[in-house]
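Visitor: Sequence:
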Amino acid sequence: MTVATVVGATVVLAGCAPAADDGGSVCEAAGPALEQTSTELLQVTEPHELTGGTLLEGPTFHDDGSLFVVDVMAPAGEAKVLRIDVEEASAEQVFTDETSAFTSAQFHPSDGRLYLTDFLGGDVLSITPDGEDPQAHFTGAVEGVAMLPDDIAFAPDGTMFVTDTRGMDGPGWETPGRVVRIGVDGSASVLADDLPSPNGIVFDEEDAGLWVAQYNANRIDYFALDEERTRVVSAYPAIHVDGGIGRIDSTAVDAEGNIYQAFHEKAEIVVIAKTGEQIGVIRVPGEGLESATNIAIAPGTTDGYLVVSGPAGGFVHTFEAYGEGIRQSNGG
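According to my numbering, the sequence shown is numbered sequentially starting from 37.
Keep in mind the hints are simulated off the structure, nothing from the lab. Bear in mind that the values here come from a model prediction, so they are computed numbers and not experimental data. One or more hints might be untrue.
To be verified - Pairwise CB distance ranges, derived in the manner of DEER restraints: (1) 76 <-> 266: 24 to 32 Å; (2) 77 <-> 210: 32 to 40 Å; (3) 207 <-> 168: 40 to 48 Å; (4) 77 <-> 242: 40 to 48 Å; (5) 266 <-> 146: 31 to 39 Å; (6) 336 <-> 113: 35 to 43 Å; (7) 337 <-> 210: 36 to 44 Å; (8) 348 <-> 181: 31 to 39 Å; (9) 293 <-> 134: 35 to 43 Å.
To be verified - Taking lysine to aspartate or glutamate pairs in the EDC-like style, the calculated list, with each CA pair at most 16 Å apart, reads: (10) 310 <-> 240; (11) 310 <-> 241; (12) 310 <-> 229; (13) 310 <-> 360; (14) 310 <-> 326; (15) 310 <-> 262.
By construction, the Cβ of each residue, glycine as well, lies at the ideal position given by its N, Cα and C atoms.
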């Protein structure tokens, strides 16, 4: 289903009752609009002169309610990880270094540390919420091939599944991309290969399988895993996304199992039921905003936040989510 099928809709209606005066009906809105426009919360970054831009990624909530984001294009010495107070609409630097380009962030299910994928170094690092004690959780090649790590999905036991987005600059019929499994002991293996530059990755709401967004195919695949989550038992294209000149980026899932698909070079988020129907779209207003790359939903609420970037800078916007936030809608 495409965006065109919902353009004319404004709200999901339920609970209609006869009106007392004119015989018509009165309906109460139940849930967010099928098509909604996000609201700017704050500008977080300006384009960096040295790198020529800014690109916010990886929004993820800490237990204290603060929202963490990374700036992929931040140069050495400038804020690469930032903490946002969503109540005060303010941001502060948490971490920087000399060499990395972080493309995602997510808190570990149990150790309390913030895990970061370093696209340039091919590593997965972690820091404390205060930006201290940087540690390399994984570094080096996987089965003889260096990674271009992009997004992370954590299993409940702390096992990581990372998209290796190799091939993103090539044509879509070249498929060097992989999904890599990194165990709690740091050992790495290839879970799936021969993929068209996978980008977004997230467990479904039951932690049974993975949704994997294929950047160079504009489709979302579903990987069903075995009980130990050590191998793929079935995999297939589940959702085809209309990206136009944009391509799909990070992916999130809410408590209802709805899938939030973000874009590179397209300032909107599409929301798709796990059965494949598109149930919503979140459009980002404003000039100079090109990529809405990821979302986070505050746990236990429908308070949604998205990161959007372009020549105008890097911003956090708010929206009403279609289901409550869980771990799968909190970072990546």
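Visitor: A separate judgement is required for each hint: does it hold in the structure or not?
Guide: These are the hints, each one checked on the structure:
1. 76 <-> 266: 24 to 32 Å: 43 Å, violated
2. 77 <-> 210: 32 to 40 Å: 39 Å, holds
3. 207 <-> 168: 40 to 48 Å: 43 Å, holds
4. 77 <-> 242: 40 to 48 Å: 31 Å, violated
5. 266 <-> 146: 31 to 39 Å: 20 Å, violated
6. 336 <-> 113: 35 to 43 Å: This hint holds: roughly 37 Å between Cβ atoms.
7. 337 <-> 210: 36 to 44 Å: 42 Å, holds
8. 348 <-> 181: 31 to 39 Å: 37 Å, holds
9. 293 <-> 134: 35 to 43 Å: 41 Å, holds
10. 310 <-> 240: 9 Å, holds
11. 310 <-> 241: Status holds; Cα separation ~10 Å.
12. 310 <-> 229: The given pair, whose Cα atoms are some 24 Å apart, is violated under the 16 Å limit.
13. 310 <-> 360: 15 Å, holds
14. 310 <-> 326: 27 Å, violated
15. 310 <-> 262: Violated - the C-alpha atoms of residue 262 and residue 310 are around 20 Å apart, more than 16 Å.
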